[in-house]
Amino acid sequence: MLVRFWGTRGSLAAPMTVQTSRKKIRNALRKSIGHDLGSDEKIERFIDTELSFAESGTYGGNTSCVEIDGGGDEYVVCDLGTGCREYGNAIMSKSVPQKAPVFNVFQSHPHWDHICGFPFFVPAYIPGNKIKIHGCHDTLEEAYRMQNSAPGFPVDFDMLGADIEFVKLEPGKEYAVAGMKVTAMEQYHSGDSYGYCFEKDGKKVVYSTDSEHKFESIDESYGFVDFFRNADLLIFDAMYSLADAISLKEDWGHSSNIIGVELAHRASVKQLCLFHHDPNSDDATISRILAETIRFEELSEEGDALKVCAAYDGQEIKL
Amino acid sequence: MIIDEANYGSTLVLYPDGRLDQDTADAFQERLLQAVSAGKEAVIVDFSKIPYISSVGLRAIMIAAKQSKSDGVSLSVAALTPTVNEIFEISRFNYVVTIFESLRDAITAASDDALNAFEAG
Ligand SMILES: [Zn+2]
Ligand SMILES: [Zn+2]
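Same order as they appear, the protein sequences are chains S and C. Note that the numbering used here gives residue 196 to position 196 of the first sequence, counting from 1, and the numbers run on in steps of one. Note that the numbering used here gives residue 53 to position 53 of the second sequence, counting from 1, and the numbers run on in steps of one.
These are calculated hints, taken from the structure and not from any lab test. The reader is advised that the hints may include incorrect statements.
Derived pair list, reagent style DMTMM-like, types lysine to aspartate or glutamate, alpha-carbon separation capped at 25 Å [claimed, not checked]:
| # | chain 1 | residue 1 | chain 2 | residue 2 |
| --- | --- | --- | --- | --- |
| 1 | C | Lys66 | S | Asp244 |
| 2 | C | Lys49 | S | Glu292 |
| 3 | S | Lys31 | S | Glu41 |
Next up, chain S with everything else stripped away, as it sits in the complex (with noise of 0.2 Å):
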């Protein structure tokens, strides 16, 4: 299993500004004085060995959007935040089609940050397609027409080429997608949302986002144990401190890395995988939290070892 995160921001695109690039640019160029730069491969060493991710790169700034190859016939997709404009074009660039032109999208809920890259999802317009979106509300095609229509946006729903299903799924029940094995689980957050389960070949990703733990203990009845067990990659909302999230902004809906890490304990995960950044975190501060995360990681000595990353836009994982 292939999985490419396109958009891993949280509530609102944050692009990076002039400032924060010049800011990088200087600094690299501060850190590479006395290095011998000169061949392009010599640069690709520096930049790879002496400056750090947050320093070289960017976790980049666009909403929800991730897409699961499990190396089926068709397209499956987790939310189309902003960052689905770019996977749209990917699959347009390629000259030899990859799979049929059927797009499977999971919404996780219709809220705006993971519906809003649609109306720029060049597949949709053309003639041919199928996009299947499937998904536990009623309220997905009501949010979707809504966005394509006057006076938000110029091109009406039913202006779209590509021919659109919405396919209602039930939590718990087992799906067969595009070759792969795919459970949906209600989660805690306002107009509820739904986490989702992928599994082929022995290999399981879950993609739980927009989700709020609460509970008394982290034990077998707590049933994200069960729905995140002996998961290969868990990609996991945790977009606030654990004090934001329980304090000022309990009930908004999201998690945490501490959270994350005790329930990816618990569950035997092997992969957690920090998603949904608050769009106030710069690059340097998710690498902080990052940091954070592989450190209480450690501290906790709880069950196997956890690997942990931060999802960033054009990341890969192969499973």
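Mind docking chain C with the ligands on chain S? Use the hints.
Only chain C with the ligands this time, still in chain S's reference frame:
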């Protein structure tokens, strides 16, 4: 979980002993809320015998911190072990309660009468 206590003037000090996790957080929370509602000016938790705190332990502190705010009681923690100190920072609980390096520092900040009583043993 064993939780000793001591009164220094109008300040109450709790001395919990052991990991603060699922097995102990309920008892800790109950004792902490009692302490906050005991009519004292300040409550200090001596953390020197807590090797680890999980999210449920932190949640107990959050609930007590909210209670102490509405009751007008000062709640602080003191003498954190290095691991617990790191967990407070990672979870941003260093912004939830005041952390003192030592119990004596916390008592000094609480009041003069607490410090006098503490010094007198
Ligand atoms: Zn969201
Ligand atoms: Zn949401």
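Status of the hints after comparison with the structure:
1. C/Lys66 x S/Asp244: holds (13 Å)
2. C/Lys49 x S/Glu292: Holds, at roughly 23 Å.
3. S/Lys31 x S/Glu41: holds (17 Å)
Checked against the numbered hints given earlier, the structure satisfies every one of them.
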